[in-house]
Amino acid sequence: MSFEPKIVGFLCNWCTYAGADLAGTSRLQYPPNMRPIRVMCSGAVDSVYILRALLEGADGVFIGGCHPGDCHYVSGNYKTRRRMVLFNSIMRALGLDEGRVLLRWISAAEGKKFADTVTEMTERLRQLGPSPFRKLWEV
Amino acid sequence: MKRRIGVFVCHCGINIAGVVKVPELVERAKNIPGVVTALDYVYCCSDPGQRLIRETIQKERLEGIVVACCSPNLHEATFRKAAAEAGLNPYLCEIANIREQCSWVTSDRDAATEKAEGIVRTMVAKVSHDQPLVRLGVPIVKRALVVGAGIAGIQAALDIANAGYEVVLVEKEPSIGGHMAQLSETFPTLDCSQCILTPKTVEAGRHPKIRLLTYSEVAEVSGFVGNFRVKIRQKPRYVDLDACTGCGICLEKCPVRVESVFDRNLTRRRAIYRLFPQAVPNKVVIDAQHCRQLQGKKCGVCAKVCPAQAIRYDDQERIVEEEVGAIVLATGYELFDSRRLGAYGLGVVPDVIDSLAFERILSASGPFAGEVRRPSDGRVPKRVVFVQCAGSRDSNQGVPYCSKICCMYTAKHALLYRHRVHDGEAVVCYIDVRTPGKGFEEFYRRATDEGVQYLRGKVSKIFRRGDRVVVWAADTLAGKKLEIEADMVVLASAVVPNPDGVALARRLKIPVDGWGFLSEAHPKLRPVETLTAGFFLCGCGQGPKDIPETVAQASGAAAKVLAMFGQSELYHEPVTAVVDEEICVGCGNCERTCAYEAVRVDPHRGKAVVQAVMCEGCGACSVACPAGAINLKNFTKQSLTEMVDV
Chain A
1 MSFEPKIVGF LCNWCTYAGA DLAGTSRLQY PPNMRPIRVM CSGAVDSVYI LRALLEGADG
61 VFIGGCHPGD CHYVSGNYKT RRRMVLFNSI MRALGLDEGR VLLRWISAAE GKKFADTVTE
121 MTERLRQLGP SPFRKLWEV
Chain B
1 MKRRIGVFVC HCGINIAGVV KVPELVERAK NIPGVVTALD YVYCCSDPGQ RLIRETIQKE
61 RLEGIVVACC SPNLHEATFR KAAAEAGLNP YLCEIANIRE QCSWVTSDRD AATEKAEGIV
121 RTMVAKVSHD QPLVRLGVPI VKRALVVGAG IAGIQAALDI ANAGYEVVLV EKEPSIGGHM
181 AQLSETFPTL DCSQCILTPK TVEAGRHPKI RLLTYSEVAE VSGFVGNFRV KIRQKPRYVD
241 LDACTGCGIC LEKCPVRVES VFDRNLTRRR AIYRLFPQAV PNKVVIDAQH CRQLQGKKCG
301 VCAKVCPAQA IRYDDQERIV EEEVGAIVLA TGYELFDSRR LGAYGLGVVP DVIDSLAFER
361 ILSASGPFAG EVRRPSDGRV PKRVVFVQCA GSRDSNQGVP YCSKICCMYT AKHALLYRHR
421 VHDGEAVVCY IDVRTPGKGF EEFYRRATDE GVQYLRGKVS KIFRRGDRVV VWAADTLAGK
481 KLEIEADMVV LASAVVPNPD GVALARRLKI PVDGWGFLSE AHPKLRPVET LTAGFFLCGC
541 GQGPKDIPET VAQASGAAAK VLAMFGQSEL YHEPVTAVVD EEICVGCGNC ERTCAYEAVR
601 VDPHRGKAVV QAVMCEGCGA CSVACPAGAI NLKNFTKQSL TEMVDV
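Residue numbers (UniProt numbering), protein chains in the order written: chain A, 1 to 139; chain B, 1 to 646.
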């Protein structure tokens, strides 16, 4: 059987979660690989959760927030953006491909962008293969 | 934590059950640790569905439930209410969204069932950590602030005041009425704008419940819904409002003449002025930039002639502080500066004017007392070209959206011009004529029936030849290029949000769209609220619209304010941050991170303290805390790591 990546998605309640709902309302089809977790704000996604997901068998982590300037909580998404720059350097230090953790701004009106993003990320992870952490665990 | 959890899987007819294998999902759910019962029902949101949930909660003594159904944005409130009726704290009911984010986006039945199980597991993990929460009661200051006193703000203020609540109405201009005071007649009925507006302005000006602050701007808003503190900057007027009787002697004697912005620079006013004769309040104001006395030169004429001795050259800016519970933003519009469309010659070619300038020309109180004359030489124009979409529907040089009102006011302009100049020729160059409104199509028909010529095609260039204005256009229906020699050209400039309103919205952190129009909380279902609790919106600041729509929206916003004032207290969502004082070291990271100033480090105890009613529940502080001492209720670190794990 071909490899199917597991993705954990953190969707901000106000924009990306609503965007994901819109993808559903519009009946856009996308791969079922992502398990969505609703959070109030992308700025509340602690790096610990991302690492935890990767350590517990996820092949990728997605974080969706409001577009810059549109954060429901004024500036939460800017905090996320700064944190992700730091997190990427941790990813490099751990030898993980940066493509495994993706931050995207998806508004409540962008159902198509949400579906496309999940499709794109799933494709990319299929190419990257299972998370090296997962192999470590198997050993 | 061991907790008795029940899972309810909704079929949603075939919306979920047509893709997700519901019986299999129910069996799998029963195996999730903590789940003591799992049931399915065809429509959980129906009355029998809710009864099943209530009865199961009581029979199985459930301590938490997960309803696997549609998006929480739809039925979370329904099921939480059902849980509460069965004696379960509503915050111990969670929704697993297996419709919008699973069955509707997946075609493979096995994969959808697998994904649905994952989503249910995630929510079971969440509910096993959820704490019972109680909504917080917040007292309401039952006074409203209305920003902007155009027809939108006036209507909202009157509706709120007539219901018996006090209103502070703030207007940046010296008198109220907004753009509607500049208009001549209104489409499609041709009511005189001033005649229908002035009863409203007079009522607002005299209303015992309305505190009118003209020539004033909102400087600062602090606090939260129900309890805002507002600082309003009153610009120096140099005239004592109580003493001035509005007699107008100073207006005749002032030696300085400047172009009148109210008349779109078609006339000149004095340095001491009022916008128009029926101004409310009917008090003059000194334009400090142009007043000789205030510029340090020798004058003082107005002070000498004023019989009421109302002139105050030493007037100072004042800050007025008000406490209000709700704020209505009615910040209005401005016309797109069509000088930016260089090919249209506004500001360069004489007798090319924009639509508000033509309104002033048509107005009985305008520069030619209602006669249609050219601004350059005062002659009666025999041919006028009306150019539609001057900036609208033009993503290159203007704005991409349709300004909505121009088709109708252009038909009105052309018609009124023909009424005043019987042998005049009115030509309208348009892209599309849009008439979706009551009586609009009939009004447009009336214009064409009464001899207004409509040419379909965009105008490419407007320039001067002799004392005439030449318009190059296309007639796309006849398939030919046109050159029209006219005496005057009127540009239907796009409607853009008032820049001061945009700046205010940015300061108050109220979301605006890419063009600066205020964003409503939901484009269809919450059209007069903003996403910030306590802020409401109406009028053209939200988007281009005509007078009846503006008035309707203003009354809608007022109704929302009144619905809020009708409650004894407000309820604040209890999903707020909470500090574990055992762990907190008082470093202050949370305080610096909070966008709402809801968390402060107590300087005496060295511990962070959350002001729950100000906390909006974003959770940013919980990430910033190096010790992990601050958590968002029901989104704790423990809860989320377990949600990730499943």
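Treat the hints as calculated values from the structure; they're not laboratory data. Among the hints, a few may not be true.
As the list claims (entries may be wrong) - Calculated cross-link-like contacts (lysine-lysine; reagent style DSBU-like; alpha-carbon spacing at most 30 Å): (1) B:Lys-2 - A:Lys-6; (2) B:Lys-404 - A:Lys-112; (3) A:Lys-113 - B:Lys-253; (4) B:Lys-560 - B:Lys-607; (5) B:Lys-524 - B:Lys-382; (6) B:Lys-253 - B:Lys-235; (7) A:Lys-6 - B:Lys-633; (8) A:Lys-112 - B:Lys-235; (9) A:Lys-113 - B:Lys-524; (10) A:Lys-6 - A:Lys-112; (11) B:Lys-235 - B:Lys-200.
Unchecked claim - Cβ-Cβ distance ranges computed for the label pairs, FRET-style: (12) A:Tyr-78 - B:Gln-309: 19 to 29 Å; (13) B:Pro-400 - A:Leu-94: 15 to 25 Å; (14) A:Pro-130 - B:Lys-231: 53 to 63 Å; (15) A:Leu-94 - B:Asp-108: 25 to 35 Å; (16) B:Cys-192 - A:Tyr-78: 43 to 53 Å.
Cβ atoms here follow ideal geometry from the backbone N, Cα and C, with glycine treated the same way.
Structure-based check of each hint:
1. B:Lys-2 - A:Lys-6: 28 Å, holds
2. B:Lys-404 - A:Lys-112: Roughly 28 Å between the alpha carbons, so the hint for Lys-404 of chain B and Lys-112 of chain A holds.
3. A:Lys-113 - B:Lys-253: 65 Å, violated
4. B:Lys-560 - B:Lys-607: Measuring from Cα to Cα gives roughly 39 Å; hence the hint is violated.
5. B:Lys-524 - B:Lys-382: 46 Å, violated
6. B:Lys-253 - B:Lys-235: Given pair Lys-253 of chain B, Lys-235 of chain B holds - Cα atoms ~24 Å apart, limit 30 Å.
7. A:Lys-6 - B:Lys-633: OK: Lys-6 of chain A and Lys-633 of chain B at ~28 Å, within 30 Å.
8. A:Lys-112 - B:Lys-235: 49 Å, violated
9. A:Lys-113 - B:Lys-524: 21 Å, holds
10. A:Lys-6 - A:Lys-112: Measuring from Cα to Cα gives roughly 21 Å; hence the hint holds.
11. B:Lys-235 - B:Lys-200: 24 Å, holds
12. A:Tyr-78 - B:Gln-309: 19 to 29 Å: Distance hint for Tyr-78 of chain A, Gln-309 of chain B is violated at roughly 55 Å.
13. B:Pro-400 - A:Leu-94: 15 to 25 Å: 45 Å, violated
14. A:Pro-130 - B:Lys-231: 53 to 63 Å: Between Pro-130 of chain A and Lys-231 of chain B, where Cβ atoms are some 59 Å apart, the hint holds.
15. A:Leu-94 - B:Asp-108: 25 to 35 Å: 33 Å, holds
16. B:Cys-192 - A:Tyr-78: 43 to 53 Å: Distance hint for Cys-192 of chain B, Tyr-78 of chain A holds at roughly 51 Å.
Checked against the numbered hints given earlier, the structure breaks hints 3, 4, 5, 8, 12 and 13 and satisfies all the rest.
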